[in-house]
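> Each chain, letter by letter, is given below.
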Amino acid sequence: MSETTAPPPESQAPVPDKNLPEHTAGTGSRASQVLREVATGGFGVTVLAFVLALVVGAILILLVDPDVQEAAGYIFARPSDFFGAAWSAVSDAYSAMFRGAVVNYQATDAAGFFRPITETMTLATPLIIAALGVAVAFRAGLFNIGAQGQVIMGATLAGFLGFTWNLPAGIHLLFCLLGGIIAGGIWAGIAGFLKARTGAHEVIVTIMLNYIALYLLQYLLTTSAFATGNQPKSPSVASSAQLPLLLGDGFRLNAGFLLAIAAAVFVWWLMTRSTIGFQFRAVGSNAHAARTAGMNVTTTFILVMVVSGALAGLAGATQVLGTEKFLTDGIAGSLGFDAITVALLGRSKPMGIFFAGLLYGGLNVGGRVMEVSTGTPIDIVLVIQSLVVLFIAAPPLVRAIFHLPAPRGLSKGVAA
Amino acid sequence: MTTTMDVQNSAAVKTEPSLRVPIVLGVLGVVALVLFGLLGPAGAVTTFRISTGADAIQIPALELPTRATGIALSIVILALAVYSFILVRAGRKTPTWLLAVFGVLWVLTFLTWAVADKSTSIVSLLQGSLLLAVPLAFGALGGLLNERAGVVNIAIEGQLLTGAFGAAVFASIADNAYVGLVAAPFFGLIIGSMLALFTVKYHVNQIIVGVVLNVFAVGLTTFFFGSLLKDNASTLNSPPRLGVIDIPILSDIPIIGPVLFRQSILVYILYVAVILLTIGLFRTRWGLRMRAVGEYPKAADTVGIDVEKTRWHNVLLGSMVAGLGGAFFTVGSVGAFGEEMTAGKGYIALAALILGRWNPVGALLAALLFGFADKLQQVLGVLETPIPNQFMLMLPYIVTIFAVAGLVGRVRGPAAAGEPYIKG
Amino acid sequence: MKLELRGITKRFGPLVANDHIDLVVEEGEIHALLGENGAGKSTLMNVLFGLYTADEGTILLDDEVREFDGPGDALRAGIGMVHQHFMLVPVFTVAENVMLGHEETRGAGLLDLDAAREHVVALSKRFGFGLDPDAVVENLPVGVQQRVEIVKALARDAKVLILDEPTAVLTPQETDDLMEIMRQLAASGTSIVFITHKLREVQEVADRITVIRRGAVVGTAEPTAPVGELADMMVGRAVSLGVDKAPPQRGEETFHVSDLTVIDGVGNRVVDGVSFSIAQGEILAVAGVQGNGQTELTEAILGVQESAGGSITLDGRELRGLRPDQVLTAGVGFVPEDRTVDGLVLDFTVAENLVLDLVSRSPYSKGVAMNLAAIRSNADERIDEFDIRTQGPAEEVGRLSGGNQQKVVMARELSRSLKLFVASQPTRGVDVGSIEFLHKRIVAERDAGTPVMIISTELDEVAELADRIAVMYEGTIVGIVDADTPREVLGLMMAGVPLETARERATQHEGDDQ
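Chains as they are written, first to last, in full-length UniProt numbering: chain B, 1 to 416; chain P, 1 to 424; chain C, 1 to 514.
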């Protein structure tokens with residue numbers, strides 16, 4: 001599902017160890033290399049990591065399921081009861097999740113049948129866009145942990161322009177989207193600027209900016225410019241500023257999804273086909289060499305963060321203009337943090353992120369259906385998502401669990 | 001990451017000897033004079049209560065004319081700024097005591113203005129600050145143990161959260177708050193062992209693991225909260241709370257007594273922890289080796305120190321310390337566990353660690369500062385002062401950004417923190 | 001203690017770093033391990049020190065087979081090592097560094113710092129090191145740091161002391177001091193393994209010499225063996241010490257540096273009023289011990305290092321104050337001293353690295369869009385022209401050997417027409433075949449009329465390439481001399497002795513010998 005070539009630079013950048021000889025194996029052809037990685041690295045590990053995470057999720061479901069607990073009380077007397085209860089608890093939960101996320105095979109009409117997948121796409125939209133932003137920073141060697149704050153700022157400005165300005169449809173929408181992009185870009189730009197000027201670590205600064213953004217929005221929602229009555233909730237954005245629905249009124253899926261696709265294509269072009277992306281990647285891989293080659297490293301830091309934040313801001317804009325329609329202090333949910341895991345799962349590649357975003361969107365939509373129909377709290381999705389990312393980042397652990405051989409030709413340091 | 005940092009540092013070093021500190025102090029002083037002094041409400045009176053009902057020695061409340069007091073204090077503040085200016089001009093650094101006195105006076109000036117025509121208790125303000133600093137300080141100390149050994153700990157938030165959860169559940173089951181206190185570190189250990197496994201053993205990027213583990217901790221605790229605790233609140237989520245323990249004699253000292261020695265056991269453990277860690281870090285073999293591993297793991301390796309083992313031990317120990325701090329949120333304060341109840345305190349703890357420059361005492365002081373900001377925000381919220389409490393809530397985060405940006409002195413962490421150690 | 005290695009073999013993937021190496025070091029002997037960079041000397045010593053595990057072979061101490069599972073074991077067995085890159089914690093004091101790993105404590109795990117201080121002072125006194133046990137290591141000069149390393153090893157009662165390229169960072173005088181220390185230690189019974197690639201040092205101090213090449217022992221020799229013979233063993237064929245390059249066709253002096261000063265972060269004048277000029281068609285080689293301001297000088301020319309004063313002009317145009325990209329565009333070709341740090345992005349492809357500083361120019365891009373076809377065809381041409389051994393333009397540069405990596409850097413910088421070519425350590429860690437090739441390319445660039453500036457710490461390389469030699473010491477140029485200046489004179493100048501005095505002393509020295 002994702003490109004299977006390079007390992008994610010951010011998670012396992014092999015620090016060149018000066019003690020190791022620099023040139024390693026003379027490897028075989030390109031094709032055999034790809035095959036090997038499918039078998040031992042990238043895709044295979046991704047699938048196995050997902051399986052492992054689902055297994056842990058299943059164990060959690062069993063731990064709290066009352067029927068299973070009851071059957072466990074007399075497990076030695078009638079083990080079949082226990083396993084029956086266990087099987088139904090897990091399969092009920094996961095099948096509800098599937099119905100909620102992909103297609104509802106129990107639905108009576110076509111709309112009901114397909115609605116889940118459109119919901120998945122709706123939820124995936126901001127996730128994909130924000131994750132693209134996180135990935136741009138990753139590939140330039142920067143950790144943007146502040147997508148959350150940038151999403152909030154983007155949503156705030158886009159929403160504000162949406163419910164205060166009065167412009168013709170289309171133009172209004174464009175301005176609001178632009179507002180989101182600018183707000184997110186500036187918010188992340190602060191971290192980039194501070195890193196460039198003072199060396200302040202972007203991880204710390206972006207984390208702190210997340211909370212500042214949240215409290216800022218909370219404050220704004222108490223002011224007369226934002227609040228409706230005494231509610232900490234803004235007015236709805238004008239219809240001229242809303243993202244058009246793609247499948248009519250019956251579905252929430254909106255043009256934001258097309259923006260997500262466009263953003264993925266844009267990031268692909270930026271990172272692989274433009275000199276800007278070349279510079280981003282060079283600075284990310286080796287800032288010293290980039291500087292010696294005449295690239296301005298500090299300016300690049302700022303630019304990377306601005307681009308990264310702009311994408312997160314756009315994600316916030318699609319959230320408020322497409323899905324939510326008005327601002328609350330929960331507008332960003334946990335989007336910014338989920339975006340980090342999506343970027344990691346997608347290995348910082350646009351195509352990978354697109355599918356990883358759909359997967360996460362699906363887990364979240366499916367999780368809601370699961371919670372309603374089986375009572376299993378949706379938060380199990382967070383456990384599954386976080387474990388998938390951890391397992392993917394540690395292929396040797398996954399291989400050890402499944403007793404798989406280590407890939408050939410990789411030295412210890414590189415494989416680790 | 002380090003490479004980019006190196007390039008940075010070379011550009012950032014040469015900003016040091018400057019008039020920045022006196023100028024910042026001066027601006028703050030003028031702000032205080034104008035805002036809290038000259039523009040203060042005329043004829044208003046600010047009342048500070050100094051004693052609590054339980055005190056043996058009663059001191060009458062302090063009633064101050066708001067505006068006059070504001071002006072008087074501001075002038076002292078400005079005098080300090082001028083003194084700092086003179087010192088810097090003479091080529092000397094602004095001493096720490098001056099900064100501390102300046103900070104205290106400035107806050108006092110602000111407080112006099114904010115409490116105009118109202119009354120507040122100094123003791124309960126300080127008492128509350130210390131209490132609110134507890135989870136921050138434990139979190140920071142836990143983080144310190146990680147980072148001094150070379151493992152960045154973004155997962156303090158998650159460790160506090162699981163600690164809070166474990167304390168609530170076990171205190172409920174045993175119907176004893178102290179059982180919860182014992183359980184909390186082991187719940188912090190869940191996150192700590194995963195952090196060690198993925199960063200130390202599998203060399204996964206430490207920041208990524210930290211961020212993801214926070215998500216994991218939220219998922220795990222909220223899942224069990226929703227599936228087990230909600231339906232069985234009376235048996236699993238109604239823990240007794242830790243009581244206040246009066247230290248005889250000491251607690252009768254005016255002001256200091258009730259603030260420092262009329263507190264929950266968590267506060268006393270914190271005192272001990274800070275002392276032990278300070279000695280341990282700088283005066284023992286354990287501390288020397290931990291710091292060596294955090295600064296230059298290869299050097300430690302070449303003298304026969306097991307880098308991996310040292311990191312494992314300290315990451316686990318650190319997570320237990322942070323987990324203990326998590327107990328504050330449940331048995332240490334409100335009792336029952338609630339979803340995501342740590343609400344970013346783990347990140348403030350991380351900030352306290354940085355602001356405290358990876359030093360136990362420094363971390364404690366930074367935590368106290370943040371605890372004070374939090375308490376002040378609560379007090380001012382009740383008093384309905386003109387400051388929106390969101391801005392008070394932002395304060396720790398803003399201070400931290402200023403700190404890492406070098407505006408309040410340069411911070412330098414353990415050199416190898418963030419670097420996986422891969423043996424050649 | 002007698003040390004013996006039998007059949008030590010260490011592989012990294014398909015590369016055999018050590019191939020059945022045998023070595024015997026007698027008690028109290030200074031045994032030189034001579035070999036080129038990358039010959040496998042450091043790998044062998046890391047095996048001995050327990051940092052690497054050998055794939056085959058045994059280690060014997062006093063004829064007893066030992067196995068080391070980590071440096072701790074080696075230390076306990078009495079093996080000490082002074083690493084090429086010092087293994088000192090920069091923020092620790094001398095005493096803390098010395099005690100680390102075998103701390104004396106006073107109950108309850110409390111450190112006994114006083115005991116450590118005494119230990120340092122005692123050892124320091126014995127060898128006249130003059131160490132302050134409470135000095136913080138990062139504030140000490142490298143020469144002193146090396147003494148801390150030696151004390152660290154001695155404090156653990158090392159019976160076998162390994163010195164890995166200890167003179168790389170030292171001035172000739174400091175080197176002499178170190179050799180005196182080595183003799184003293186050997187006299188007191190310590191066995192010393194002295195790893196180096198510098199022939200003269202070996203002849204001066206070693207009792208016996210083992211030469212290794214490409215991971216295998218090629219022979220042993222006595223220190224009395226002629227230099228030429230040792231060099232032949234080291235590189236595997238006769239080294240042409242005479243260079244077949246035509247005399248320079250000096251043109252106009254187009255590159256001028258005058259009174260250039262660079263001040264580092266802590267206020268040291270690391271480049272101090274440096275002035276020189278280079279003519280078209282001439283090679284100026286800057287010689288000197290590493291760390292005497294050469295790096296900062298080149299970086300100031302490129303503009304990555306801010307300079308505090310002076311001027312740098314090329315064809316009458318002031319370069320000082322320009323950004324690196326502007327300097328490069330002005331026609332400067334720049335080869336940094338450490339290719340893996342400053343010259344290459346190791347996880348970029350060969351093709352990408354070949355346009356690293358050219359990508360925003362035509363034909364490699366139009367606007368911000370890269371022209372992948374042009375980048376690819378450029379790569380094909382450069383690979384061909386420089387004989388870069390690679391699977392192809394799409395291979396990651398990190399997978400190439402050191403020599404081929406260096407060719408990538410050189411090919412890139414020489415692929416456009418230059419007005420000045422600056423190369424630092426152009427052949428460091430490069431195999432002999434590539435050295436010859438790269439030297440020829442540098443001379444060809446000179447013959448094409450470009451002013452060329454070479455910075456090298458290797459006198460052999462300086463001698464081979466230079467038309468004129470500038471010697472740097474502590475940020476200043478001690479003197480600029482002709483290429484045929486005797487080595488003795490250059491050596492003295494590298495220690496800061498002015499040209500005239502150096503000449504006199506060198507002649508006296510010769511007189512003494514006779």
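Read the hints as simulated data drawn from the structure, not as lab findings. Even glycine gets a Cβ: it sits at the ideal position worked out from N, Cα and C. A few of these clues could be false.
To be verified - Computed beta-carbon distance windows for the label pairs:
(1) P:K201 with B:Q69: 29 to 37 Å
(2) C:G433 with P:G91: 57 to 65 Å
(3) B:A400 with C:G128: 53 to 61 Å
> State for each hint whether it applies.
Checked hints:
no. : hint                           : result
1   : P:K201 with B:Q69: 29 to 37 Å  : 34 Å, holds
2   : C:G433 with P:G91: 57 to 65 Å  : 58 Å, holds
3   : B:A400 with C:G128: 53 to 61 Å : 54 Å, holds
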